[in-house]
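**Q** Given the sequences, and given the hints that come with them, work out the whole structure.
Here's the letter readout for the chains.
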Amino acid sequence: MITIQMDEVTKTFGRTRALDGVSLELGVGVTGLLGPNGAGKTTLLRMLATVLGPDSGSLRLLGADPADAGGRLQIRRRLGYFPQEPGFLRGFTVFEFVDYVAILKEMTNARERHDEVRRVVREVGLQDVSGKKIRALSGGMRRRVALAQSLLGNPDLLVLDEPTVGLDPEQRLRFRDVVSQVGEGRTVVLSTHQTEDVAALCHRVVVIDHGRTFFDGTTTALASLATGRVWLADLRSSAAQVAWRNGDGRYRNIGDAPPGAETVAPTIEDAYLLLLGDRALGAAA
Amino acid sequence: MTAVDAVPAQAAASRPRPVWAVTLLALREGWRMLRWPVYPLVITFFFVTIAFEEGQLGGRADVSHLLGLVLVYGALATLFAASLVATSARRSGAESQFASAALDPQLRTLATGLGVLVGPAAVAAVLTLALAYVQHGAGSQLADVLHGWEYAQLPLIWLGAGLLGVAAARWLPWPGVPLALFLGLIAWTLVSAQQLDLGRAVGFLMPFVISSRDTIGLGVESAEGQLGWHTVYLLGLCLLALAAALLRHRQLPGRVVFTFCATALLVTISAAWMQLP
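Protein sequences, first through last, are from chains L and P. Going by our numbering, the first sequence opens with residue 1, and the numbers climb by one from there. Going by our numbering, the second sequence opens with residue 1001, and the numbers climb by one from there.
Hints may contain errors.
As the list claims (entries may be wrong) - For the chain L half of the interface with chain P, some residues (derived, Cβ under 10 angstroms), not all of them:
| id | residue |
| --- | --- |
| 1 | A69 |
| 2 | G87 |
| 3 | G91 |
| 4 | F95 |
| 5 | Y100 |
| 6 | V101 |
| 7 | M107 |
| 8 | T108 |
| 9 | N109 |
Just so you know, these hints were derived from the structure itself, not from any lab. Quick reminder that beta carbons are idealized off the backbone N, C-alpha and C, glycines included.
**A** Set out below in structure tokens:
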């Protein structure tokens, strides 16, 4: 089932071409979006969230055209969006803020709306602080408030732009649990710099850079790009494109392995670094 | 569209238009405006004044004068409260979370405008009724009191000031703009009053209450028929401010926008013309 269809989509801001002919077809499940800073991920996600329109190319979401007012409303009624930098109305408590967003999502029945707000607040583990002012919460908790509002109404399309930034390991596990459940019957698009999150959650991964797709396939297929190109050695190898010293004192080298090298199973991160080379390293720095 | 996603899409499409959501949001926004710290002070002052009307404050005439002042200057507070609520999402960076909601920016602007109506303007109407009670209630022997059209103008200046704040928030959402508008409104009113003192009818176009007597201390005097048209004129200014706010977004069909703007303009110009002696 195809829920997102992008065909040769472009978007330009001034002289910067943020998206340069991106074509994608995504369906139910969790899709990870990887790429360095400035690759075009946020622009792509803002389009999926109907906040931006393409300059050229075609886009259909959940079977509707976001360029058409009626189609956009249909999509928005089935959409959840977690922006890259979520802000919160001053003076609002967690409950009040999520309730406010619920009204913007046309939830007019007070009892049902309050039940739904309590549900999503519980889902993200904020039920004990739902009466607290958002400004009194930590950065990680605030991001969970943003996640809670995006889950309102069980959206068929959930767009998450770097939702795990600032979350501690326990919160990330909870996040994975929530998102994987949503992804069982619906479409989730997740942008992140955390390759572990992609490995843990996504059945499919798209790597973009310079506004173009560099890879589109399963996480296993991405990792396999680095098969035979990751090896451990006592020294940094001159053949390695990328190398770093592990905790055990040995070097993990990525590149064209020399003969006789002790190769190891690659991770998504290894493949990602190989794929994007210096650009990815720049982002990591 | 695939067969599987067609079912929820049809359900989403068949939902009624978001009238109730806009109404609910308007109530929420109105309440947010009234929580602005100036209002509780104004309202408390108002009712404390009533409670002491026969006591320390010196009798009904003083009370009447004070309440009139509260109502007149409370309108200016509404300009700031409405502007702050209308810009709050932008100032706090929350706009990004609301951008993909079903209620689009134009409907949210409409809700904020209606929020002025169901919030501050409604409170002004209640306060006006209280003022009318003080001035005309049992035992009152006041000669210098307001009458029908004059009372009707009081909530309208709260509404107009609030809608102007919303329009400014949409077009000029920068710090200092509400203060500049506040000073502009005061200047417009004072210059208009001065024009009336000089016997020039253009002074009747002030965006403020006009009385048949010098009840509000502006030195304005007008005939009974003019008061009615001035009330309609203030209503026209309210509609113009709302139209300006809604015009910031281009989501409504052009015909609807044109009809609304043309009506607002026609009402304002007609009423302005009719109140001139």
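**Q** Does each hint hold? Answer for all of them.
**A** Here is how each hint holds up against the structure:
1. This hint holds: L:A69 has a C-beta 7 angstroms from the nearest C-beta of chain P, less than the 10 angstroms allowed.
2. The criterion of a C-beta within 10 angstroms of any C-beta in chain P is met by L:G87, whose closest approach is roughly 3 angstroms, and the hint holds.
3. Interface restraint check for L:G91: the shortest CB-CB distance to chain P comes to about 8 angstroms, inside 10 angstroms, so the restraint holds.
4. Below 10 angstroms, beta-carbon pairs count as interface contacts, and L:F95 has none with chain P, the closest being about 13 angstroms; its hint is therefore violated.
5. A distance limit of 10 angstroms between C-beta atoms decides the matter here; for L:Y100 the minimum to chain P is near 7 angstroms, and the interface restraint holds.
6. For L:V101, the suggested interface contact is upheld, since its CB lies about 7 angstroms from the closest CB of chain P, less than 10 angstroms.
7. Using the Cβ-Cβ criterion of 10 angstroms, the hint placing L:M107 at the interface with chain P is satisfied: the shortest such distance is roughly 8 angstroms.
8. Nearest Cβ of chain P to the Cβ of L:T108: about 4 angstroms, under the 10 angstroms cut. The hint holds.
9. Against a cut-off of 10 angstroms between C-beta atoms, the interface hint on L:N109 holds, since the closest Cβ of chain P lies about 9 angstroms away.
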